[in-house]
Amino acid sequence: MLDVTAAHEIADDARARANVVRLAAAQALTGANSAVIFATGSIVGATLAPDMSLATVPLSMYVLGLAAGTLPTGAISRRFGRRVAFVIGTGLGTLTGLLGSFAILRGSFVLFCVATFLGGLYGSVAQSYRFAAADGASAAYRPKALSWVMAGGVFAGVLGPQLVQWTMDVWQPYLFAFSFLVQAAVALIAMGIVAGVDIPKPGPADLHGGRPLLSIVTQPRFIAAALCGVISYPMMNLVMTSAPLAMQMCGLSVSDSNFGIQWHIVAMYGPSFFTGALIARFGAPKIVAVGLLLEAGAAGIGLSGLTAMHFWATLVVLGVGWNFSFIGASALVLETHRPQERNKVQAFNDFLVFGMMALGSFASGQLLANYGWSAVNLVVFPPVVLGLIVLSLVSWARRRKARLDAAMGEFPDAV
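Counting from 1, position 234 in the sequence shown corresponds to residue 246 in the working numbering; the numbering is continuous, with no gaps.
Straight-line C-alpha distance at most 30 Å; calculated DSS-like pairs for lysine-lysine:
#1 356 - 298
#2 413 - 356
#3 413 - 298
By construction, these hints were calculated from the structure, which means they are not laboratory data. Source: prediction; values computed, not measured.
Let's have the full structure, built from the sequences with the hints guiding it.
The structure is reproduced here in structure tokens:
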């Protein structure tokens, strides 16, 4: 029986590895979508918006799309399979590029916001790539599969900003119009890649089995995982969203902001080559804690100066902190559900994360315009402290319970 089980795990991991290659490639191409939007969104917004305080609204619409798309993505994946959801997502990515280019050519702020919202829907589908990589994999391989898919974002960090740099002036005087057209072509390539992902359609047991969602999400382990995700991603997004416009306000060039965003995205995904191994060795809670501390450190760098180097260092440290805290939190989520519960639990987790991001993102433009770059960085500290406290309490309670269980096993008469 053990040999049969081992054989099944080997076969499942082999399929998971094949999926990881495709999903990592798709992550790289999909990441170019978000890189284009974040590198250009606030600058285009400042050009098209009727008021400067609305400059980051296109980026907020992207985040709103992320939040709005999470639950439908889970429902589609649960009913029709992940591959169908992935193809729909890349189709939305193509529409993002076409409509974004048209909006810039027409000078329409509203259409540009619609385009970035569609980009957020595309991004919400792409967020499930990391969980899809773990489908069917053995428990030992899941953290590695998750982190390797996220590693595909390294190439997005190079591709996206360079795509902007090479194409932003092609259709003068319509800055970035051609960049969005090229992004549409990149999304079409991603569609061809995700169409080949080998993830079986859910069976009847997966559609109707499992515990009620409420009983799963009220577990202390899930609460800690979701809270850390809710803190790590929105805080990263708050600073990243504001940085290009803040750099422009400080007299720095578009090339400077493109460079900062490029290396920020590389820092976000580069550690993924070894984050899974770190989680396997030290445990997800410790990696999450390190990530949150790095995000706080990035905010400290942002408060220390306004040169290009300060902005670049802030964005790089912020990216590494996000990688550790978000992948670690995602690994914690994987520990809280059974296989037949995965789609609804993962979708609900992402809904919480990106819903909170949407709220924070709408406030970022007002925060930057009215209070400045320093205020943006100061906001990071209280949530990080809260996350560290909750994570420590849940981890302590888990260790205490394990010790008590071990003691009861050693002295059964004490029961």
